[in-house]
Amino acid sequence: MDITGPAGTLVARFDAASKPGRGHAVLCHPHPLYGGTLHDGVLDCLAQVLLAHGVDCLRFNFRGAGGSAGRHDNGRGEVEDLQAAIAWLRSEHDVAHLWLGGYSFGASVVWQTLARIPEPERILLVAPPVGVMAFPERNLSCPVDVFMGDEDEFADVDALAAWRGVRSHLIAGANHFFLGQADTLRRRIEQAIS
1196 MDITGPAGTL VARFDAASKP GRGHAVLCHP HPLYGGTLHD GVLDCLAQVL
1246 LAHGVDCLRF NFRGAGGSAG RHDNGRGEVE DLQAAIAWLR SEHDVAHLWL
1296 GGYSFGASVV WQTLARIPEP ERILLVAPPV GVMAFPERNL SCPVDVFMGD
1346 EDEFADVDAL AAWRGVRSHL IAGANHFFLG QADTLRRRIE QAIS
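Take the sequence shown: its letters are residues 1196 to 1389, numbered as in my numbering.
Among the hints, erroneous ones may be present.
Here are the in silico distance ranges between beta carbons for each label pair [to be verified]:
(1) Ala1291 <-> Met1196: 16 to 26 Å
(2) Ala1387 <-> Gly1236: 17 to 27 Å
(3) Ala1387 <-> Ala1357: 19 to 29 Å
(4) Ala1356 <-> Asp1210: 26 to 36 Å
(5) Ala1329 <-> Arg1266: 16 to 26 Å
(6) Arg1266 <-> Glu1385: 34 to 44 Å
(7) Lys1214 <-> Arg1285: 14 to 24 Å
(8) Met1196 <-> Ala1367: 31 to 41 Å
Don't read these hints as lab results, they were simulated from the structure.
Just so you know, these numbers come straight off a predicted model, no measurement behind them.
For every residue, glycine included, the Cβ atom is placed at its ideal position computed from N, Cα and C.
Generate coordinates for the entire structure from the input sequences, incorporating the hints supplied.
Okay, structure coming up:
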């Protein structure tokens, strides 16, 4: 399916939970210049957990990634892409509870977008590149869960520890890609949202 974005068509995928009713999530993929698309395995892990717990999921490719129109814009235009995806979701579905989730670069885009939209119901960030990309402090009332490996080569675990207002879920032995740790990541997300 396609969504009309500010730079052209965004390739997207919407999955309905088998027993919906808990909310609707928009999920953002990792860095497109390094192969990130809506089909990323870690993002799929997040989507599958949410779907199993009654949260419908919309995934989409940022501009210039996986068939979406436009060119990569270093996070600036990608914020507009996320806003367009949220607007599409609200126009097509009765969204009472909006969840936002992102993996790596996608987590950064989610965090930047929060300055431009009403606060969502819940935020799930997987391996946000804290200490590498800007994550300005935000005064949020919604739950923010961060899942990160303690061997993440693209994030600063100490910077995460100093990040106020989030619930950190540190996974021992996991790197940025959660190689060999997908089941552990799945369990930790399930525990956080149950």
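Hints, one by one, checked against the model:
no., hint, in the structure
1, Ala1291 <-> Met1196: 16 to 26 Å, "holds (22 Å)"
2, Ala1387 <-> Gly1236: 17 to 27 Å, "holds (19 Å)"
3, Ala1387 <-> Ala1357: 19 to 29 Å, "holds (20 Å)"
4, Ala1356 <-> Asp1210: 26 to 36 Å, "holds (34 Å)"
5, Ala1329 <-> Arg1266: 16 to 26 Å, "holds (21 Å)"
6, Arg1266 <-> Glu1385: 34 to 44 Å, "holds (37 Å)"
7, Lys1214 <-> Arg1285: 14 to 24 Å, "holds (22 Å)"
8, Met1196 <-> Ala1367: 31 to 41 Å, "holds (39 Å)"
No hint from the list above goes unmet by this structure.
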